[in-house]
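Enquirer: Just so you know, the sequences run in chain order E and C. For the first sequence, the positions run -15 to 202 when my numbering is used. For the second sequence, the positions run -15 to 202 when my numbering is used.
Honestly, I wouldn't trust all of these hints.
Distance ranges between label pairs, derived from CB positions [claimed, not checked]: (1) E:Ser127 / C:Glu70: 43 to 53 Å; (2) C:Ala22 / E:Ser143: 27 to 37 Å; (3) E:Gly41 / C:Gly39: 49 to 59 Å; (4) C:Gly162 / E:Glu10: 32 to 42 Å; (5) C:Ala3 / E:Glu30: 41 to 51 Å; (6) C:Ile40 / E:Glu10: 39 to 49 Å.
Worth flagging that the hints you see were computed from the coordinates, not collected in a lab. A quick note: this is a predicted structure, and the numbers were derived from the prediction, not measured. Cβ atoms here follow ideal geometry from the backbone N, Cα and C, with glycine treated the same way.
In case you want the letters, here they are:
There are 2 protein chains.
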Amino acid sequence: MIYIAGMDDHTDQIRKPRADAVRNRERVLEAAKAVFSAGGPEASLEAIAKRAGVGIGTLYRHFPTREDLFEAVYRREVEQLSELAEQLKNAKDPVDALRRWLRSGVEFVATKKGMVAALALAVQSGSELHAFSFERLTKAIGSLLDRAAAAGAMRADISPEDLLRAFFGMCYMHDQPGWQSSVLRMLDVFVDGLRVQPAANVKTRAAKPVKPAVKRKR
Amino acid sequence: MIYIAGMDDHTDQIRKPRADAVRNRERVLEAAKAVFSAGGPEASLEAIAKRAGVGIGTLYRHFPTREDLFEAVYRREVEQLSELAEQLKNAKDPVDALRRWLRSGVEFVATKKGMVAALALAVQSGSELHAFSFERLTKAIGSLLDRAAAAGAMRADISPEDLLRAFFGMCYMHDQPGWQSSVLRMLDVFVDGLRVQPAANVKTRAAKPVKPAVKRKR
DNA sequence: GAAGATACGGAGGCAGCCTCCGCTTAACAA
DNA sequence: TTGTTAAGCGGAGGCTGCCTCCGTATCTTC
């Protein structure tokens, strides 16, 4: 068993976790990250164990199920996105902050092709990982959303869950050619839809100084 | 080989396809539809063969890969959605027609939990199925979109591909509690974002209209 | 250094994937 | 009808990956 702080707050002594166990766990995580990123969610766990230089038994002891392994691997990644939201909370324009978070999310996803597929698979099966990351990101994005809604810049009836869902879904379609610019465009549309329209934004298309809401990519 | 009209237009004789082959193919499709719907994309092909009452070899002869089987199963389903778009082209309000198509899509998806996961998996791997359904639905939705854009009711820089991608993505997150109403809400937001804002919709909430400059990707 | 807890690793059982090939059956010609 | 033959059938078998189990090795603690 891996030591967990606070797990056993009654009197029993608690052994320090074994050094080799800690080391091996780390190695497996490292290997899993690489293999999942490259090979997607179907990657062989035995291959991961081999790459980590441990026996398959060791891998299973640390991560009894495939999903457990996902969870551990992605936890850090999710944290990163979450922290970004924290930073953006200080931006001046709350709507823009939201937009920027979403855009960063796209880039983030872009660097982890196989991993996203794996994540998506986990989400499907309602695993622990989903619960964690969804909640974590929901909370992160919620603060951005609240701020924007409180400022009256954005409709207030869309929940963080909704938004996250939509975002995730859009990204899921990645790995088609041009998916990235497509998602970016979609997000712009989406944020436009969320925004409580300020007067400046309301021009019929004929009017000339229309701000270029979206730059076409292709 | 299954007979395909026009496959062999030079002089050779062409045998009629064997009745048992046709029958078995149909049985396998039937079984696959049921099994995939229930069990998702991971379902055992052997289970499908058994349910269809044929040998595993027969299944593989007709559908050499898992994806081939998906393709055949979903083709009809895709056709249905596609036809719906055709009908909606005659609605009065083009934006509303689009909205309704999307909403029907959600319902459609809702009845086929496992199947959508299977489809999504296929999309991931860039299979034939994806090419077919994406193109088919793109064309279908394109007509709706064009009509709305031509009427000046909708921004014109969003392609059918974009829209389909976003829609599919949103639906992909299904099987969480409440996903359906969430997706419906998201779609409303989305369609609102697409709509070229009519003056009536414009309430000035903020004295100073924020200039929502879209930041380019860093 | 000894004792005992903890972790290691891989053999082995199981399940699903896919191929291969001898047997069966339907289509066609006579 | 009947015979011929291409087309189709099915499942045994080889392979790979999943996961468990347990004898052995290693670490922590005293």
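Enquirer: Would you mind marking each hint as holding or not holding in the structure?
Expert: Against the structure, the hints come out as follows:
1. E:Ser127 / C:Glu70: 43 to 53 Å: Since the Cβ atoms of serine 127 of chain E and glutamate 70 of chain C sit about 44 Å apart, the hinted range of 43 to 53 Å holds.
2. C:Ala22 / E:Ser143: 27 to 37 Å: For alanine 22 of chain C and serine 143 of chain E the Cβ distance comes to about 31 Å; the hint holds.
3. E:Gly41 / C:Gly39: 49 to 59 Å: Given about 37 Å between the Cβ atoms, the range is violated.
4. C:Gly162 / E:Glu10: 32 to 42 Å: Holds, at about 38 Å.
5. C:Ala3 / E:Glu30: 41 to 51 Å: holds (45 Å)
6. C:Ile40 / E:Glu10: 39 to 49 Å: holds (42 Å)
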